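Undergrad: For reference, the chains in residue letters:
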Amino acid sequence: MIFARDLVKRFGDFTAVKGIDVEVAPGEAFGFLGPNGAGKSSTMRMISCVSAPTSGELRILGMDPVRDGTKIRARLGVCPQLDNLDPDLSVRENLTTYARYFGLSRAEGRRRADELLEFVQLSDRAGSMVEPLSGGMKRRLTIARAMINEPDIVLLDEPTTGLDPQARHLLWERLFRLKQRGTTLVLTTHYMDEAEQLCDRLVVMDGGKIVAEGSPRSLIETYSTAEVVELRFPDGLDFNADYAAKLGGIGERVDPLPDRVLLYADDGDAAVAEVQRRGLVPSSVLVRRSTLEDVFLHLTGRTLVD
Amino acid sequence: MAMGTVHPSIAVLERHLTLYRRLWRASVFSSFVLPVLFVVSIGIGVGGYIGSVQGVDYLSWIVPGVVASTAFQMAVGESTYSVLGDFKWVRAYHAMRATPVRPNDIVTGHLLYLLFRVTTAVLAFLIVVLLFGALHSPWTVAVPLVCALLTVAAAAPVMAFAASIESDSHFALLFRFVVIPSSLFSGVFFPVEQLPALVRPVAYVSPLWHAVELCRSATLGVAPPWPVAAHVGCLLLWAVAGTVLAAYRFRRRLED
Numbered sequence: 001m002i003f004a005r006d007l008v009k010r011f012g013d014f015t016a017v018k019g020i021d022v023e024v025a026p027g028e029a030f031g032f033l034g035p036n037g038a039g040k041s042s043t044m045r046m047i048s049c050v051s052a053p054t055s056g057e058l059r060i061l062g063m064d065p066v067r068d069g070t071k072i073r074a075r076l077g078v079c080p081q082l083d084n085l086d087p088d089l090s091v092r093e094n095l096t097t098y099a100r101y102f103g104l105s106r107a108e109g110r111r112r113a114d115e116l117l118e119f120v121q122l123s124d125r126a127g128s129m130v131e132p133l134s135g136g137m138k139r140r141l142t143i144a145r146a147m148i149n150e151p152d153i154v155l156l157d158e159p160t161t162g163l164d165p166q167a168r169h170l171l172w173e174r175l176f177r178l179k180q181r182g183t184t185l186v187l188t189t190h191y192m193d194e195a196e197q198l199c200d201r202l203v204v205m206d207g208g209k210i211v212a213e214g215s216p217r218s219l220i221e222t223y224s225t226a227e228v229v230e231l232r233f234p235d236g237l238d239f240n241a242d243y244a245a246k247l248g249g250i251g252e253r254v255d256p257l258p259d260r261v262l263l264y265a266d267d268g269d270a271a272v273a274e275v276q277r278r279g280l281v282p283s284s285v286l287v288r289r290s291t292l293e294d295v296f297l298h299l300t301g302r303t304l305v306d
Numbered sequence: 001m002a003m004g005t006v007h008p009s010i011a012v013l014e015r016h017l018t019l020y021r022r023l024w025r026a027s028v029f030s031s032f033v034l035p036v037l038f039v040v041s042i043g044i045g046v047g048g049y050i051g052s053v054q055g056v057d058y059l060s061w062i063v064p065g066v067v068a069s070t071a072f073q074m075a076v077g078e079s080t081y082s083v084l085g086d087f088k089w090v091r092a093y094h095a096m097r098a099t100p101v102r103p104n105d106i107v108t109g110h111l112l113y114l115l116f117r118v119t120t121a122v123l124a125f126l127i128v129v130l131l132f133g134a135l136h137s138p139w140t141v142a143v144p145l146v147c148a149l150l151t152v153a154a155a156a157p158v159m160a161f162a163a164s165i166e167s168d169s170h171f172a173l174l175f176r177f178v179v180i181p182s183s184l185f186s187g188v189f190f191p192v193e194q195l196p197a198l199v200r201p202v203a204y205v206s207p208l209w210h211a212v213e214l215c216r217s218a219t220l221g222v223a224p225p226w227p228v229a230a231h232v233g234c235l236l237l238w239a240v241a242g243t244v245l246a247a248y249r250f251r252r253r254l255e256d
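Order-wise, the sequence lines are chains A and B.
Start counting the first sequence at 1; every next residue gets the next number (our numbering).
Start counting the second sequence at 1; every next residue gets the next number (our numbering).
No lab work stands behind these hints, which were simulated from the structure alone.
In this text the structure is predicted, and so the values were computed from the model without any measurement.
Where hints are given, some of them may not hold.
[Unchecked claim] From the structure, some residues in chain A lie toward chain B, with a derived Cβ separation under 7 Å:
hint, residue
1, N84
2, D88
3, G103
4, S105
[Claimed, not checked] One side of the interface only, derived from the structure: several residues of chain A facing chain B at Cβ under 7 Å:
hint, residue
5, R73
6, S90
7, W172
8, E173
Quick reminder that beta carbons are idealized off the backbone N, C-alpha and C, glycines included.
Please work from the sequences and hints to get the whole structure.
TA: Here it is, written out as structure tokens:
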């Protein structure tokens, strides 16, 4: 569906995407994961045939996005990061108007609009204006709009950023159904739970490059341990680094954070026993399973990127 | 798949019309009632003192000028904030860009919408002034065509401008230094021969002056100051150059 080889995007002196290789198979849910500024959105814009690659090879649905952009866009559904619904049109008109951009007949546009409003659970708001809708409803409407042309690939740029937990879960559930229908999903996110929920396969991007690739499970297995022990010490704010030194050799890796120390170990309970044997008395101990977040922070560092 | 049943530029036009359905009542005042009030007060009120200009009563003389000037202001006004807004705030153009709609189609759809708006306003206005006995020649039927050409000649370059700026404060400059001077010095209210020779070229480059003279020659049934082909040529030049530039600016802005 999507094939990229050594793809580069440069804006003046700034290189947003520094030569990435990506392949997405039909029916797959594929994720671009990374901190802000990692090059995810630039990559998405190239895939949605809005921004031309600076160099490298890119094929979407077997076509060249520069030459066949219009043809490709006819078969894509795009849900952008910034909502661009028409605030002065009704919910339903937003869909019927959009259907016309794809050359659908009015009757077909109305039929699909009603069907999609049902799918994203907005049928009761069909006649409402867009402005009073909540963030979650607007996002669902944007997703419905992205599906009006029955696309082969749906591109979602940070689909749940800024939504409350209920709205996120509802959206995930709808996207999961979409995936079950066989639609290829490509999404960017900086939420680990989102990537774990939705993606069959993902790449972690950092500084315009791909730093890891695989299924959520395999990434955890490769880049982290099965379990993580979180230790907090009463005077840890000042001495976590010292504690980390004393914990050396327990588990595979010790990572002192400002507020706690993380111990990466395949057997968390054994690691805790060893901590106690060394006479250290943490004020709290938490043993948990490793998550994609551990992988992410390990790979992309802990420096704040704005 | 029922693809290809409508041209993308028509789909863009339809969006404008769907939006307009909610706003048309408000626009009736500015695009139709206002010019009529204008003609009545200036044409009849001021005209009563002036008597005649270039051998015709002032009302008849000013009507074609006001018609063209109304078309000009609608074309410019509807190509400023709404265009910048669809780039910056509503981002409707970005939404269109994600579909088979191309930047050219967005520009064409907008111009088609303006042609609809201007033509309906011009026709309504002509019917009213016909009742005032201000139309003197069957050539008046050419007025809507001239106004249509003027619409593209004025709107297209302004759309290109709106697509090139980041802040709406630039529009104040456009109105202050371009729109108001051309409305005042384009032969709408008095013949351009009254202008000092130094200022007269302002009228000659303005698409509005050429449209005013063509409309006036049509409603009065007299020959325009320049050959018809020269006036039409100037309007066409603005229209074609403006449209090419607008399409270019739209493409640039929507690309990266």
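Undergrad: Now look at each hint and say whether the structure bears it out.
TA: Right, here's what the structure says about each hint:
no.: 1; hint: N84; result: holds (4 Å)
no.: 2; hint: D88; result: holds (6 Å)
no.: 3; hint: G103; result: holds (5 Å)
no.: 4; hint: S105; result: holds (5 Å)
no.: 5; hint: R73; result: holds (5 Å)
no.: 6; hint: S90; result: violated (9 Å)
no.: 7; hint: W172; result: violated (23 Å)
no.: 8; hint: E173; result: violated (24 Å)
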